[in-house]
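Novice: Here is what each chain is made of, one letter per residue.
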Amino acid sequence: GNSVTQMEGPVTLSEEAFLTINCTYTATGYPSLFWYVQYPGEGLQLLLKATKADDKGSNKGFEATYRKETTSFHLEKGSVQVSDSAVYFCALSGFGRGGADGLTFGKGTHLIIQP
Amino acid sequence: EPEVTQTPSHQVTQMGQEVILRCVPISNHLYFYWYRQILGQKVEFLVSFYNNEISEKSEIFDDQFSVERPDGSNFTLKIRSTKLEDSAMYFCASSSSTGFYEQYFGPGTRLTVT
Numbered sequence: 002g003n004s005v006t007q008m009e010g011p012v013t014l015s016e017e018a019f020l021t022i023n024c025t026y027t028a029t030g031y032p033s034l035f036w037y038v039q040y041p042g043e044g045l046q047l048l049l050k051a052t053k054a055d056d057k058g059s060n061k062g063f064e065a066t067y068r069k070e071t072t073s074f075h076l077e078k079g080s081v082q083v084s085d086s087a088v089y090f091c092a093l094s095g096f097g098r099g100g101a102d103g104l105t106f107g108k109g110t111h112l113i114i115q116p
Numbered sequence: 320e321p322e323v324t325q326t327p328s329h330q331v332t333q334m335g336q337e338v339i340l341r342c343v344p345i346s347n348h349l350y351f352y353w354y355r356q357i358l359g360q361k362v363e364f365l366v367s368f369y370n371n372e373i374s375e376k377s378e379i380f381d382d383q384f385s386v387e388r389p390d391g392s393n394f395t396l397k398i399r400s401t402k403l404e405d406s407a408m409y410f411c412a413s414s415s416s417t418g419f420y421e422q423y424f425g426p427g428t429r430l431t432v433t
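Chains A and B are the protein sequences, given in the same order.
Under my numbering, the final residue of the first sequence carries the number 116; numbering is consecutive throughout.
Under my numbering, the final residue of the second sequence carries the number 433; numbering is consecutive throughout.
A few of these clues could be false.
[As the list claims (entries may be wrong)] Cross-link-like lysine to aspartate or glutamate pairs, in silico, EDC-like; alpha carbons within 20 Å at most:
1. A:Lys-61 x B:Asp-405
2. B:Lys-361 x A:Glu-9
3. B:Lys-397 x B:Glu-363
4. A:Lys-108 x B:Glu-372
5. A:Lys-108 x B:Asp-405
[Unchecked claim] The following residues of chain A were derived to be distant from chain B, with all beta-carbon distances above 10 Å:
6. Ala-18
7. Leu-20
8. Asn-23
9. Ser-59
10. Glu-64
11. Glu-77
12. Gly-79
[Stated by the list, open to error] Partial chain A-side listing against chain B, Cβ under 7 Å, derived:
13. Tyr-40
14. Pro-41
15. Leu-45
16. Lys-57
17. Gly-103
Hints in this document: simulated from the structure, not taken from any laboratory.
We put the CB at the ideal spot given by N, CA and C, even for glycine.
Whenever a hint applies, use it, and build me the whole structure from the sequences.
Specialist: In structure tokens, the structure reads:
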């Protein structure tokens with residue numbers, strides 16, 4: 002079945018540091034890939050997505066590239082801010098019937114940015 | 320901006336009781352989902368719903384669970400006889416028929432079973 006593996010946290014960085022959160026996946030076929038972010042006390046928000054190989058998703062300075070050859074979708078940001086402190090989830094969706102596939106999530110990576 | 324809403328934000332119930340968690344999806348969305356997140360663990364898919372019937376369900380979604388769209392706006396998850404291990408955050412999500420599986424999540428209901 003489908004699975005997502007992402008680096009364990011917490012990840013603690015100083016403000017303006019470079020961020021990488023690794024995500025690899027196992028799936029049959031060509032899933033769509035997502036990063037969701039969960040701020041304290043809130044629900045999951047879509048951060049970015051990519052729907053085919055070599056696609057790059059980007060939003061709010063975050064980027065991730067769909068790498069089929071390495072089955073990876075690593076999240077990067079060049080200069081993090083304190084406001085980026087949150088839990089980040091990598092997820093994939095299959096290609097089933099009518100868009101009703103459930104997402105498969107990784108365990109989440111807690112990111113802490115210190116001023 | 321349209322958003323998914325969920326009520327209540329926190330529900331406390333005794334073991335063996337029935338609970339109903341409520342969700343109002345984004346109004347023009349056609350696909351609806353429930354997920355749960357046990358404290359400290361990953362978000363897990365429970366069930367998806369389309370055209371007034373279950374589309375997919377996970378092995379977690381057993382006979383104790385049911386979903387319903389009782390009217391044009393609400394989407395509910397019922398747990399018939401709650402167990403301690405049902406304590407979790409439950410998230411509702413919805414997606415449009417044309418989205419590339421982009422699901423929009425509500426803020427969640429924290430269910431505590433005592």
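Novice: Quick check: which numbered hints come out false for this structure?
Specialist: Hints 1, 4, 13, 14 and 16 not satisfied by this model.
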